[in-house]
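**Student:** Going line by line, the protein sequences match chains P and B. The numbering of the first sequence is our numbering, which starts it at 1489 and goes up by one. The numbering of the second sequence is our numbering, which starts it at 43 and goes up by one.
Any given hint might turn out to be false.
[Claimed, not checked] Far from chain P, by Cβ distances over 10 Å, these chain B residues were calculated:
1) SER124
2) ARG168
3) THR195
4) ALA262
[Unchecked claim] Covered stretches of chain B (chain P as the covering partner; in silico rule of three or more C-beta atoms under 8 Å from a C-beta of chain P):
5) 67-80
6) 105-113
7) 209-215
Hint data in this document are derived by calculation from the structure and do not stem from the laboratory. Backbone N, C-alpha and C fix where the C-beta goes; we use that ideal spot for every residue, glycine too.
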Amino acid sequence: MMTGMQRLAAAINGTESDRIPVFCNLLDQGAGALGMPLEEYYSRGECVAEAQLRMRDKYGHDNVWSLFYVGKEAELLGCRKILFASDGPPNVEEWVIKSLDDVQRLQVPSDVSSHPAFEEGLKCLRLLRQEVGGKYPICAYLTASMALPALLMGMEKWMELLFLGPAGVRDELLARCHEFFVKELLAYRNAGADVLVYSNPFGSTDIVPRKFFLEHSLPWIEKDVRAVGTPGLVYYCGMSRMNPVLATVLERTGIGVYYLGPFDDVREGKEILAGRALTCGVINDIRLIDWSREEIRREVKRIIEAGRPGGRFLFGTGVMPCGIPEANIRTMLEAAYEFGSDENGRIR
Amino acid sequence: MNLPQLITVFSEALFDTDRERALRLAREAVNEGITPEEVVFDVVIPALEQQTTALGETLELNLAQHFLTSQIAAAVTEEMVSRFQRAPAFIGQGVAGIPRFPRAPALTGRVVIGSAQGDLHTLGKRIVLSCLRAQMIECSDLGVNVPPERFVTEAVSQQAPVIAISAMMVHTALGENGCLKVRQLLKEQGLEGRIKIIVGGAPFRFDPQLCQRIQADAWAEDGIKAGKVITKLFQEVRP
Chain P
1489 MMTGMQRLAA
1499 AINGTESDRI
1509 PVFCNLLDQG
1519 AGALGMPLEE
1529 YYSRGECVAE
1539 AQLRMRDKYG
1549 HDNVWSLFYV
1559 GKEAELLGCR
1569 KILFASDGPP
1579 NVEEWVIKSL
1589 DDVQRLQVPS
1599 DVSSHPAFEE
1609 GLKCLRLLRQ
1619 EVGGKYPICA
1629 YLTASMALPA
1639 LLMGMEKWME
1649 LLFLGPAGVR
1659 DELLARCHEF
1669 FVKELLAYRN
1679 AGADVLVYSN
1689 PFGSTDIVPR
1699 KFFLEHSLPW
1709 IEKDVRAVGT
1719 PGLVYYCGMS
1729 RMNPVLATVL
1739 ERTGIGVYYL
1749 GPFDDVREGK
1759 EILAGRALTC
1769 GVINDIRLID
1779 WSREEIRREV
1789 KRIIEAGRPG
1799 GRFLFGTGVM
1809 PCGIPEANIR
1819 TMLEAAYEFG
1829 SDENGRIR
Chain B
43 MNLPQLITVF
53 SEALFDTDRE
63 RALRLAREAV
73 NEGITPEEVV
83 FDVVIPALEQ
93 QTTALGETLE
103 LNLAQHFLTS
113 QIAAAVTEEM
123 VSRFQRAPAF
133 IGQGVAGIPR
143 FPRAPALTGR
153 VVIGSAQGDL
163 HTLGKRIVLS
173 CLRAQMIECS
183 DLGVNVPPER
193 FVTEAVSQQA
203 PVIAISAMMV
213 HTALGENGCL
223 KVRQLLKEQG
233 LEGRIKIIVG
243 GAPFRFDPQL
253 CQRIQADAWA
263 EDGIKAGKVI
273 TKLFQEVRP
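Bound conformation, chain B alone (with noise of 0.2 Å):
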């Protein structure tokens, strides 16, 4: 089977939330010499790419199938990692005495997760871990009701340019001690430019305009997005 076949089938069983088929098609494509590097990064993340298109065009990409699709996903990610010839490094890091492979699987950058302080939701915070673990973003996760100067510590400590917020319930949302501190704390600490924050959680989807509101730099609807927007916004700070 050439990629793109293997691409579509992988990508249908996602969508069936077929996690045996999804696990079987990757093993099956690796014995075949498709190398795990290859799996991840022209299979995986373009088919779960191919989900966003799905939700985009039929909306039936339904709360529950995002939740498995991501499992699935990040289950065998982790899989195919475990068989990568080299370490996953974050790119422009070398990993010393490890030998080097022409295309060098590289983690894309680091995030630091939670949900806003008062908010004990975790589904959604899951989702986005195991999409974003999928898309080789690594992530550090916080827990839940996690005070803002915990996000802003652990950023710094852990050198996370990205703070990814999950809120699901309004006042959790746009409270004084969610993203609103957050932002305050990284103006304090001239850190504004290092650290990026990212929102994500229900009222959002009610209303994306609350965005702006709580001063964050982005948003997204779902976990597969939120791999795009964390990725652009890691472009964006600076060295």
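So that you can see chain P by itself, here it is in the shape it has in the complex (with noise of 0.2 Å):
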């Protein structure tokens, strides 16, 4: 049977295989795994990288997560308060930049890796690469540049600046969240992470109008691209579509992974990407919640016979919602499994 790592780069690569990986993004379920409150489990990085082989052994899909929350990043970057919740993501409960001039204030670690808010995950990926290393993809959750300043004064005043606030002022925080992005996606990959998912809302069309897309999001997107190189990075958007912009940033960056959106037309994406990346499809699963047994697999076959034919593809979650009942994260699986192989459990 092949590694979760063999099948990632068969699928990249467009060799042969025993089925597409399947990527399947469990992250708080790793405390209700545990038997553990979130806030405790996210404290000790031994429990979510025990959590992630648990479930990674009881599901058996093709990749585990360094990620705790996406807050984390705020953490590094000066925010000390953390909402917790029992059932779901825990959120940024105080804001770093509370007003422009924090702007100026704005600290990036001269070292990521050496930083307290860093320990645990560093921990986490020692564990994860000790126990699964070359063999189960390593995942880690990069913000891009100009997304990171919502997790530091909230989407709302992100917004505001971006669009209406002084120039300088957004050009000063966009240039500091670049030098922060560089330096942690250095860390991450240091420290053994394989697959760096760069998230990136403002490099969709659902969320800014294609002029504002060219002329603002994609320089930053080519800076942040420049400054790393592509080996290992994931193009996504949040869950927002990407096909409108996909051939740009293919040409414009040579990242070579697309993760879409739930809604973007999965044959469409393949067809503009032509062989050229590899196509990650999506399902949308917040719908998991409530769907039946033969709506989850009408949902995944759906996803796949749009994506497998020509190889080069994944089937992938979003970060999949706390409230999805366990068996049906089993259907969806099972049915990837089933639609993604073939009889003679050769595929390309």
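Reassemble the complex: the two chains are provided individually, in unrelated frames, and hints are given to aid placement.
**Tutor:** Below, the structure written as structure tokens:
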């Protein structure tokens, strides 16, 4: 049997495999797997690693995560207050940037790897690498320069500054976020993360007008990518659609993997990429909360049938909500394994 | 410029997110004899509705445009309201001592709005608030992380027939301290006929059926549609 890493490599290179790679993004479920409250769970890197390994063994998917929660990035930049829930992702409770004057005061750590807020993440990565390194892709989540300010000042205030505020302050903040992005990515890469999810809702024309995308988002994306290189990088717009910008991003950055939004047309995405990159077809996982077994199977089949022909395809989820029943997770994954392979056990 | 022409050019200014042009058009219209009331009711509100049509037909209205459009429409409405010849009042309520005009500007009703308990997101709520204000719906913003009890006590004390709950995460949309608890409190206090619940936020866009699961009366996918849905809810509420 092939490992997740082998399946991913085969999909990227367009070579033979036993089935398509299947990424299932289970994060907060780890606390439940260990029977712990979320706050305690996320305070210990060994717990996150242990739960990721247990969940992968249990469900058989092809990836593990080093991500704790998205607000970790804000903690690395000075956030001291996170709001924990019992049944969902933690959130930034106190903004690092409360006024535009704070932009000048924003401190980018000189070395992300040695920052106290990165310590448990490093511990988790070390354990994951030790247990499944080279066998299953270890994913890391990195917020793009243009999206990071939303974690530091809130989306509302960032939209205000981005579109209506003083350009000098906006550009200063973007420059600092870029500096952080580069340092953080290199820290993850050095610690052994293989798949670097480059998250950028502002890289989707669901969020910004195409003109803004071309004039502002794209140059910052190019700058980010140029600084770190494309190895391991996955273009992701936070569940927003990306088909309208796929060709441009591919041509201008050379990123090799595109994690579509659930409302993107998978067939169209593949046609645009035309074998030049890996297409990831993503299920609308919020529907998994209520869908019947038949509905889940039908949707998985639809996505895979659209994406599998011609190879270079991965099936994936968004960040799975805690409310999805375990039976539905299993149904989805079993369907993905079934429809993502051939009777003779080899696909190309 | 006549009203139909004004609606067209104002809509273009909104779609282009050109705040200065939108304000200039409204001011010029008033200088040319169109009343501020007409600007709000016959230009701003129809223009906002045209944005919804554009969204349905072309899928080109993105989040940034929606945000900017709502801010511009709210700014124009705010300026026009300040020029109204009588203070806005709720339909059916008179305002003593203020002269009546042939077309009395009316606030169509009041809404208390906030982000569900555990939810700290503000952008969606702000867009909805601006759209509602631009549509002459009075709003009381309860902020973020609002406990379910507060939604109900504020709706009662402010005589608001609609509670609007914003939730940007699945667990705050579906959680026991969100809409479900608000519904339970309304039931316990015998208020279901007098107060309706509308919900909105990303999870509902990904699965509109969640609205029924959490026993909301309605949901709206954007701020402009929220105005229409809320206006309909006002009409369903027992006096």
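**Student:** Against each hint, give a clear statement of whether it holds in the structure.
**Tutor:** Hints versus structure:
{"no.": "1", "hint": "SER124", "result": "holds, 21 Å"}
{"no.": "2", "hint": "ARG168", "result": "violated, 5 Å"}
{"no.": "3", "hint": "THR195", "result": "holds, 23 Å"}
{"no.": "4", "hint": "ALA262", "result": "holds, 17 Å"}
{"no.": "5", "hint": "67-80", "result": "violated (count 0)"}
{"no.": "6", "hint": "105-113", "result": "holds (count 6)"}
{"no.": "7", "hint": "209-215", "result": "holds (count 4)"}
In summary, the structure is inconsistent with hints 2 and 5 from the numbered list given earlier, while agreeing with the others.
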